[in-house]
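J.: Using the sequences provided together with the hints, build the complete structure.
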Amino acid sequence: GAGADNDLYINQAIVFIEDAIQYRSINHRVDSKSLWLYRWYYSRTCQWILSLTITVILALAFIEEPSSLTVTSDVRYRLPAWNPPCGLTESIELLCFLVFVIDVSVKSYLIGWKEFWKNKWLIAYILTLIVSLVDWIVSLSFFCKENVRIRRILRPFFLLQNSSMMKKTLKSINSTLPEMASVVLLLAVHLSLFTMFAMLLFARTKDNQQDKEWVVYFRNLPDSLTSLLVLLTTANNPDVMIPAYSKNRAYSIFFILFTVLGNLFLMNLLTAIIYNQFRGYLLKSVQSSLFRRRLGIRAAFEVLSSLKETPASAQQSCVSVGALLQVLQKVEMDSRCKQAIMRSLKMCSCDQLSAAQFQKLFEELDKDAVKQHPPSPEYQSHFMQKMQFAFGHPYFGYLGNVVALANIISICVVLVMDADKQLSERDDFFLGAINCFFILYYLLEMFLKILAMGLKRYLSYPSNRFDGLLTVILLILEIATFAVYGFPHPGWRPEFMGLLSLWDMVRLVNMLIVFRFLRIIPNMKFMALVVTTLLDLVKNLRAFAGILLVVFYAFAITGIMLFKGAVQTCFVFNFLIQTPFSIKKVVVLYFKGKKVISWCSAHFQAEVIYCFLYVLSVHLIYRWAKIYFVAWWLLSSVIWINLFVALLLENFIHKWDRRCQRESLSDIEYQRTVELMFRDVLEEPTEDELMEKLHQHPHLQLCR
1 GAGADNDLYI NQAIVFIEDA IQYRSINHRV DSKSLWLYRW YYSRTCQWIL SLTITVILAL
61 AFIEEPSSLT VTSDVRYRLP AWNPPCGLTE SIELLCFLVF VIDVSVKSYL IGWKEFWKNK
121 WLIAYILTLI VSLVDWIVSL SFFCKENVRI RRILRPFFLL QNSSMMKKTL KSINSTLPEM
181 ASVVLLLAVH LSLFTMFAML LFARTKDNQQ DKEWVVYFRN LPDSLTSLLV LLTTANNPDV
241 MIPAYSKNRA YSIFFILFTV LGNLFLMNLL TAIIYNQFRG YLLKSVQSSL FRRRLGIRAA
301 FEVLSSLKET PASAQQSCVS VGALLQVLQK VEMDSRCKQA IMRSLKMCSC DQLSAAQFQK
361 LFEELDKDAV KQHPPSPEYQ SHFMQKMQFA FGHPYFGYLG NVVALANIIS ICVVLVMDAD
421 KQLSERDDFF LGAINCFFIL YYLLEMFLKI LAMGLKRYLS YPSNRFDGLL TVILLILEIA
481 TFAVYGFPHP GWRPEFMGLL SLWDMVRLVN MLIVFRFLRI IPNMKFMALV VTTLLDLVKN
541 LRAFAGILLV VFYAFAITGI MLFKGAVQTC FVFNFLIQTP FSIKKVVVLY FKGKKVISWC
601 SAHFQAEVIY CFLYVLSVHL IYRWAKIYFV AWWLLSSVIW INLFVALLLE NFIHKWDRRC
661 QRESLSDIEY QRTVELMFRD VLEEPTEDEL MEKLHQHPHL QLCR
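Residue numbers (UniProt numbering): 1 to 704.
Any given hint might turn out to be false.
Unchecked claim - No more than 20 angstroms apart at the CA atoms, straight line, and that leaves these computed lysine to aspartate or glutamate pairs for DMTMM-like:
hint, residue 1, residue 2
1, K167, E115
2, K33, E18
3, K346, E363
4, K330, D7
5, K456, E445
6, K107, D31
7, K168, E179
8, K360, E689
9, K284, E684
10, K386, E445
11, K564, D74
12, K145, E65
13, K168, E115
14, K284, E683
15, K693, E115
16, K360, E683
17, K338, E18
18, K145, E90
19, K338, D366
20, K171, E115
21, K360, E684
22, K330, D31
23, K564, E64
24, K456, E378
25, K360, E687
26, K693, E18
27, K33, E115
28, K360, E18
29, K284, D366
30, K33, D5
31, K145, E64
32, K212, D239
33, K212, D223
By construction, these hints were calculated from the structure, which means they are not laboratory data.
T.: Right, here's the structure in full:
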């Protein structure tokens with residue numbers, strides 16, 4: 001009946017508006033049951049469960065064998081790590097897989113069968129789950145003793161497919177690969193040519209004393225190529241050139257030319273190409289997000305205009321104010337935006353809204369929330385009014401900054417004076433006394449500001465919350481210090497008591513005081529501009545950091561599988577650390593194959609032989625390990641870090657230019673989103689574009 005149709009249109013409008021708010025695609029099923037399932041899937045609870053599941057399955061790598069739950073990574077000193085029994089982590093994995101199966105099933109159902117075959121990410125999602133489940137079964141069948149677990153490498157995919165921004169970024173990287181490949185090929189040619197020159201330049205001679213460069217760095221083609229590749233990263237600079245430079249200074253020309261061409265030209269050329277390819281990438285992404293928002297709002301208008309209560313005599317489609325109010329009551333959106341839209345509706349004199357009026361109402365979603373600070377208290381006393389004026393004035397804040405600077409300088413002076421003193425010779429009286437004085441000032445400053453501004457207004461400023469929190473922590477630490485060690489006095493060096501020594505507590509207080517000095521940033525306009533811009537970019541570029549995490553995680557898991565057990569401790573290594581250089585040299589000679597261990601006991605000889613065989617096996621693996629590390633360097637340092645720098649540079653320049661054109665910087669803390677950052681350069685989609693896209697909707701049939 002008409003009532004059921006109206007309810008369906010209302011629910012469709014609710015979902016379309018929520019899609020617009022979250023910049024989601026509207027190409028999903030729109031029948032009653034599917035709409036209920038859709039809203040349930042995108043509810044905070046379900047999305048929180050999905051995010052928690054992704055976090056848990058990624059974190060399993062820290063406790064799975066080989067476990068990383070040790071205080072130190074040094075194999076000589078760390079205790080045996082706890083390895084969970086077989087079946088524990090596998091049970092957690094199975095629960096995570098079940099959540100992912102539900103996730104992919106719901107997604108596939110909501111977009112429909114035809115759209116499913118067009119979605120490569122969903123197909124890859126299902127294949128990843130199938131491979132992971134098969135590998136999980138194999139793991140249990142071997143009682144968790146298998147060396148290779150393919151599913152561990154596939155885990156980052158679950159994080160990747162859950163972020164639309166990461167998918168867009170990968171798509172853009174894929175389109176940029178041809179240009180990046182050309183520069184990488186040029187780097188390979190550069191390395192190859194200079195490798196040939198190096199092997200000819202540093203060839204073996206009759207004088208073994210003059211062949212140090214050949215022996216250590218350019219003995220053969222793989223070693224030569226590796227030495228220059230490492231030099232390209234500057235990791236072995238200047239060690240790689242020292243033997244040749246000691247022989248003849250002219251050899252430095254070779255290394256200078258290689259470094260200048262490789263590092264200063266080719267590597268920066270790669271950054272320039274990536275920057276050029278990604279120029280405007282984020283702008284295009286935001287433009288696409290704006291189109292999705294406008295499309296969702298227009299879809300809501302179209303379904304609401306189909307309600308039976310809409311006047312048939314209307315010459316153009318329109319929506320009643322009552323229907324929109326009914327929808328807004330059920331839509332999950334920011335309360336500020338909802339109240340602003342409802343106020344506009346109540347102020348509207350008409351009962352029907354056109355498409356343009358409907359769209360204009362929801363432009364409130366594009367506006368940033370300007371935080372209104374609570375008013376200061378109004379005192380009747382003339383004395384209190386003067387106090388309020390004095391301690392609420394910006395100059396009082398500047399005085400606090402000067403005091404904080406004096407505190408930092410005093411701490412630096414004391415640290416410089418006590419740098420070479422033993423702990424028993426150090427007198428903590430002066431440092432303890434000045435810390436006590438400054439903390440009392442900070443406490444007084446906080447109370448005076450609260451008196452002048454009122455508690456609510458004081459807490460409404462992030463800088464005040466930062467100041468107040470650190471002041472309270474400093475006060476608690478100072479009280480704890482006095483309670484355990486007494487008040488400062490000359491020769492104040494009590495013995496260790498409690499959880500922390502006096503020196504540890506004083507250091508903790510000083511570190512917090514240094515951290516508190518960051519309060520000066522908001523008072524320096526251009527420094528505040530730089531810092532807030534960087535913070536905004538870090539917040540809005542989470543997708544790029546997410547892909548970097550995916551790369552790190554995948555290579556870390558691959559490295560664990562490839563080099564598991566490659567680092568072991570043995571008696572001779574511990575012996576070498578505690579022996580003079582002459583004995584170390586003897587053992588090193590043995591590793592070169594010379595029998596010079598007649599002075600050793602039989603037990604030590606056996607241990608040396610074992611370690612020699614072990615080092616030999618590791619050396620054989622080392623040649624193939626180069627491929628892993630070169631691939632890691634290319635992906636993480638050469639490609640992805642340059643990509644991240646290029647994107648950061650583009651957005652920083654854009655934001656810097658826009659901010660510098662403003663007369664006031666008072667709104668710095670209010671603009672937080674990328675969409676708002678590009679708001680004035682975005683193009684609004686036309687009505688024809690919106691209607692054409694709506695008519696292509698696979699599940700929505702419009703009346704016109």
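J.: All the hints need checking, so say for each whether the structure fits it.
T.: Going down the list of hints, with the structure as the test:
Restraint check for K167 and E115: satisfied, since their Cα atoms lie roughly 17 angstroms apart, inside the 20 angstroms limit. Taking the CA atoms of K33 and E18, the gap is about 17 angstroms. The hint holds against a cut of 20 angstroms. Of the pairs offered as hints, the one joining K346 and E363 holds, with about 17 angstroms between alpha carbons and a cut-off of 20 angstroms not exceeded. Between K330 and D7 the CA atoms are separated by roughly 12 angstroms; this keeps the pair inside 20 angstroms, and the hint holds.
For the proposed pair K456 and E445, the alpha carbon gap of about 16 angstroms is at most 20 angstroms, so the pair holds. Proximity of K107 to D31 is assessed by CA-CA distance (about 15 angstroms); at most 20 angstroms being required, the pair is judged to hold. At most 20 angstroms may separate the alpha-carbon atoms for a hinted pair to count; K168 and E179 meet this at roughly 18 angstroms. Restraint check: the Cα-Cα separation between K360 and E689 comes to about 17 angstroms, which is no more than 20 angstroms; the hinted pair holds.
Straight-line distance between C-alpha atoms of K284 and E684 comes to about 13 angstroms, which keeps the hinted pair within the 20 angstroms bound. Taking the CA atoms of K386 and E445, the gap is about 16 angstroms. The hint holds against a cut of 20 angstroms. Restraint check for K564 and D74: satisfied, since their Cα atoms lie roughly 15 angstroms apart, inside the 20 angstroms limit. With a C-alpha separation of about 10 angstroms, the suggested pairing of K145 with E65 holds against the 20 angstroms cut-off.
Proposed proximity of K168 and E115 is supported: the alpha carbons are some 18 angstroms apart, at most 20 angstroms. Simply put, K284 and E683 have alpha-carbon atoms about 10 angstroms apart, close enough for the 20 angstroms limit, and the pair holds. This hinted pair checks out: K693 and E115 have alpha carbons roughly 15 angstroms apart, not beyond 20 angstroms. This hinted pair checks out: K360 and E683 have alpha carbons roughly 15 angstroms apart, not beyond 20 angstroms.
Restraint check for K338 and E18: satisfied, since their Cα atoms lie roughly 12 angstroms apart, inside the 20 angstroms limit. This hinted pair checks out: K145 and E90 have alpha carbons roughly 13 angstroms apart, not beyond 20 angstroms. As the CA atoms of K338 and D366 are separated by approximately 13 angstroms, the hinted pair is consistent with the 20 angstroms bound. For the given pair, K171 sits about 19 angstroms from E115 by alpha-carbon distance, which is consistent with the 20 angstroms threshold.
For the hint linking K360 to E684, the alpha-carbon distance of about 12 angstroms falls within 20 angstroms, and the restraint holds. A threshold of 20 angstroms between alpha carbons decides the hint, and for K330 with D31 the separation of about 17 angstroms falls inside it, so the pair holds. A distance of roughly 13 angstroms separates the Cα atoms of K564 and E64; the hinted pair therefore holds under the 20 angstroms criterion. With a CA separation close to 14 angstroms, the supplied pair K456 and E378 stays within the 20 angstroms bound.
Between K360 and E687 the alpha-carbon distance is near 13 angstroms, which keeps this suggested pair within the 20 angstroms criterion. A distance of roughly 18 angstroms separates the Cα atoms of K693 and E18; the hinted pair therefore holds under the 20 angstroms criterion. Restraint check for K33 and E115: satisfied, since their Cα atoms lie roughly 19 angstroms apart, inside the 20 angstroms limit. Under the criterion of a C-alpha separation no larger than 20 angstroms, the hint pairing K360 with E18 is consistent with the structure, at around 16 angstroms.
Among the hinted pairs, K284 with D366 is consistent with the structure: their alpha-carbon atoms are about 17 angstroms apart, no more than 20 angstroms. Distance check on the hinted pair: K33 and D5 sit about 14 angstroms apart at the alpha-carbon level, within 20 angstroms; holds. At most 20 angstroms may separate the alpha-carbon atoms for a hinted pair to count; K145 and E64 meet this at roughly 12 angstroms. Proposed proximity of K212 and D239 is supported: the alpha carbons are some 12 angstroms apart, at most 20 angstroms.
Proposed proximity of K212 and D223 is supported: the alpha carbons are some 14 angstroms apart, at most 20 angstroms.
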